[in-house]
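Chemist: Below are the chains, spelled out letter by letter.
Protein chains: 2
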Amino acid sequence: MNIPTSNKPRVVIIGGGFAGIALAKKLRNKSVQVVLLDKHNYHTFQPLLYQVATGGLEAGSIAYPIRKVIQEYPDFYFRLTSVKEIDTKEQKVISEIGDLHYDYLVIATGSKTNYFGNKEIERNSMSMKTIPQSLNIRSLILENFEQAVLLKDEAERNLLINFVLVGAGPTGVELAGALAEMKKAILQKDYPDLDISKMEINLIQSGDRVLNTMSEKSSVAAEKFLVDLGVKVWKNVRVTNYDGRTITTNTDLTFETATLIWTAGVQGAAIRGLDAKSLVEKVERIRVNEFNQVKGYDNIFAIGDIASMETKEFPQGHPMMAQPAMQQGKLLGDNLVQLISGRIMTPFEYNDKGSMATIGRNLAVVDLPSYHFSGVFAWFVWMFVHLFSLIGFKNKAVVFTNWVYNYIRFDREGRLIVRPYKKRSFTTFTSDEI
Amino acid sequence: MNIPTSNKPRVVIIGGGFAGIALAKKLRNKSVQVVLLDKHNYHTFQPLLYQVATGGLEAGSIAYPIRKVIQEYPDFYFRLTSVKEIDTKEQKVISEIGDLHYDYLVIATGSKTNYFGNKEIERNSMSMKTIPQSLNIRSLILENFEQAVLLKDEAERNLLINFVLVGAGPTGVELAGALAEMKKAILQKDYPDLDISKMEINLIQSGDRVLNTMSEKSSVAAEKFLVDLGVKVWKNVRVTNYDGRTITTNTDLTFETATLIWTAGVQGAAIRGLDAKSLVEKVERIRVNEFNQVKGYDNIFAIGDIASMETKEFPQGHPMMAQPAMQQGKLLGDNLVQLISGRIMTPFEYNDKGSMATIGRNLAVVDLPSYHFSGVFAWFVWMFVHLFSLIGFKNKAVVFTNWVYNYIRFDREGRLIVRPYKKRSFTTFTSDEI
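First to last, the sequence lines map onto chains A and B. As numbered in our numbering, residues 1 to 434 make up the first sequence, in order. As numbered in our numbering, residues 1 to 434 make up the second sequence, in order.
None of these hints come from the bench; they were simulated from the model. We put the beta carbon where it would ideally sit given N, CA and C, even for glycine. Be aware that one or more of the hints could be misleading.
Stretch by stretch, here's where chain B covers chain A in the computed footprint (C-beta under 8 Å, at least three residues) [unchecked claim]: (1) 128-138; (2) 145-151; (3) 257-265; (4) 405-414.
Okay, the calculated beta carbon distance ranges per label pair [claimed, not checked]: (5) A:K152 / B:R245: 28 to 36 Å; (6) B:F400 / A:N362: 22 to 30 Å; (7) A:S31 / B:N212: 39 to 47 Å; (8) B:R245 / A:G117: 58 to 66 Å; (9) B:T213 / A:K152: 46 to 54 Å.
With a Cα cut of at most 27 Å, we get these calculated DSS-like pairs of lysine-lysine [unchecked claim]: (10) B:K396 / A:K183; (11) B:K422 / A:K39; (12) A:K112 / B:K396.
Pulled out of the complex, with its shape left as it was, chain A reads as follows (with noise of 0.2 Å):
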């Protein structure tokens, strides 16, 4: 990978969401050497990806380079790419461009979409936790318009502009509110020739409420929402099958859509070359101790989504969110300076500042350790949280600016199909009567 030697022991960090940033930071100006690896060149601000998927943000106001981030920090490496395995003995990272030896490995390679094993509802159909992910959803609902503008046949109409979201975590409720929000200020202007009304927005959800990390009250101020909206919320009612055309569910009903988009689970982004010991099954989390380090081994670490940290109070782990992952990223940071110098650790206690969510303008819920609010209020927090979060002045202000204009004129100007995406078409076009 060309990364000079140093005298000083070399940290490797897989992967630069929010907790490989947060220590990346932290190890600015500390006596080693940092090499960070990410197979994207940015890094990515997840919370508001459903916003770039609905055409109310670009895809640039959300991300951040990475060699921005370290720009200025001494012996400090970025090198672009997907890491295959880990060799724990050799005390190397096998990735697409050479090996790589470290003296302390930090894991944060995040999540990705679990779909519980099924390949067919995984072939069908589409998950948003990357950039490129986004915009892929972003002009296939686009693509679906333009498509059913051209056709006669009503249940074929029907199927494209029907939209089916599993799972109603905080990513499908916000997409499902956004795409509420489409329906009603944009898609009816833009296709004047379509019956706009025959648009559904189905949020299917296995548990019987939505948001179900949050509090109660919050799920059903956020289901009133949603219902409020237009939104189809249907609970207890779990997916069994996708072919790419119709939905069947543990119960009778089903659901005729050329678009599902699920965000129904995740699962830790596990690396191979671990002990089998340290992973939790199905989840693919890494089990670490209360200073992060994995199960097994002194110089390996993990952070992030992809660490289960059990405690008395998250037996199964820490929630898969962004403050988690920046609070263990941080510490970590100091961590490993102590370690290297013999000193002893701190452990990692958890401070919930608590947890949001919006479902659409002037709507949101708010989640406070001891409170609980729900509104145009909850709505100004939200926004100014995710906010003053994104890194660079230069996103805060875009940021800003798009969403005053779309406040102001209920407009999302990114519906751009920019890169079409290629779904595999159910219908054929037969050339039309002129």
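Dock chain B against chain A, hints included.
Modeler: Same frame as chain A, now just chain B:
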């Protein structure tokens, strides 16, 4: 195409560029049915493509949804499709999504890159006429650097960080200047482990001056600006071939590079089906009379880059730029109404408002019909003219925010490889030492 029949005559416009959009706006509320066809669902502000390619602006900032332009126009239709052929006898357009009858046809397909028949250059070089192409260039530039940091061999490394632009018209000049600024302000900092002084920007021109459609004064000023920024300007050199690694020329000069960006020529994006006599050979433009009527047809028109209206002042047609396109589109809007109601049409007269090009921060050249100036003030003029020419308030605001930021911070944050550009690899990597 599922367009309802109308008792008004149907005008079909092919292309939503400067000419097509100007025409569409004029036809609002006129007693015609209008169908606008384009292969993208957005209008592209082409003069700023080079800023997308170099990370200064996001794609969405220079694109505008076509459906939003015509949103409230009665009896107006947009269809996303690529037109394959025209059947002038049957009066129909043959497209990917079916055929469409026209009463009046307006061809506004613009221009495409002209490789003057050299297939090998076409295969191995990049061009920059569309947003996806600009994003490909952006990805490739950054990928070159990411690849270069991995290489120990200096010759191979230099191959990757040597950029050759062929053609010193406005596109080539502006792109060369932007690359030179990237080198100075960003790449130096982003790639501290690379000797960025080895990065070359070569601008090759077959004629004896850059910007040869502008005044001599402007050519001289622009060349000085380029040279001061570190661009190597080669005049009177004609590129004869490029195999993906070596550029040969009509002189002894050769260039070793992984990246050739071809901005040396454009030609009309002609459509099959017109009488051969109406086409100007080599440049593939369509011969039109002073009403933009295609020679030999009463109800077919061509406007913008594709149209060649041979006048005393412009014996080879007007320059292929935004201004003539917009003016022709506007006038044709009036003329079509005249023609349909049996009244006399007004001949086109080009109102030359001047032309300009920017080379970099505080550096631009402006030619007004009777006055030339360059430098800081020219740059301000360039900036405000371009800012106000963008469609849409939001695009103006976002571009302005970006430019202010880029200016103050000497930065371009759009250096994101969102969709990697897969270029045929000319080096093979061996697993590096660790």
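Chemist: Which hint numbers does the structure go against, in order from smallest to largest?
Modeler: Checked against the structure, the hints that fail are numbers 3, 5, 7, 8 and 12, while the rest are satisfied.
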